[in-house]
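Peer 1: Sequence:
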Amino acid sequence: MVRAWVSARAAIRTARRAANKPMSTKRRTLGVWSAAQPLGPGGEKLCYNCRGALPKGRRYNCSPVCSDNWRLRTSPSAVRRKVWERDHGICAHCARDMDALQRAFRAIRDIGESRAFLAIHGIPSGRASSDWWDADHIMPVIEGGGECGLDNYRTLCIRCHAVETKRLAGDRARRRRLARPLPLFDDVEEGLPV
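Numbers in our numbering are just positions in the sequence shown, counted from 1, shifted up by 1046.
Source of the hints: derived by calculation from the structure; they are not laboratory data. Predicted model only: the values in this text are computed from it and were never measured. From the three backbone atoms N, C-alpha and C, an ideal C-beta is built for every residue, glycine too. Keep in mind that the hints are not guaranteed to be accurate.
Unchecked claim - Label-pair restraints from in silico Cβ distances: (1) Gln-1083 - Ala-1215: 36 to 42 Å; (2) Arg-1221 - Ser-1123: 28 to 34 Å; (3) Lys-1091 - Ala-1165: 53 to 59 Å; (4) Leu-1228 - Asp-1143: 46 to 52 Å; (5) Arg-1149 - Arg-1105: 36 to 42 Å.
Make the full structure from the sequences, and use the hints.
Peer 2: As structure tokens, this is what we get:
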């Protein structure tokens, strides 16, 4: 019974993917341990990423490429690692080198100097030096940029990320205001004396 249900769900998921569904608004996909193994019509296990048949000796993904793609879609730490390897901590907006800033900060031994350094560079004092940059979605998750590959990520320093997030929130609020229905003039005129 359970196996048939899991198989039916896997078939539905495969059909949705084939039906050219819109981009995802989920931040990430469920990982290997939290998602049910997709099964084919005969009950055979399928690749988590491409839903193809698993070759002998493979448990979750059919190839290293599928494994890497799946890891990027399910693990935020894997995304950060790959974005760091690609961008080396250079902010895509202001071009600040966060790696160089982190090295300079670690060399400071005086607490007063370290606080001044953080204030000058706009870094909150509670953040660890490894956390001064974020892997930001180029197309925001709320607009369909979730569950994506590495091409939809960029490095942003925390200052630029805050500015970008504020801009996105303002755009969304503006769209909500414009989407509200306007009062009808007929309703207003009915209450006026003739």
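Peer 1: Which hints, by number, does the structure contradict?
Peer 2: none
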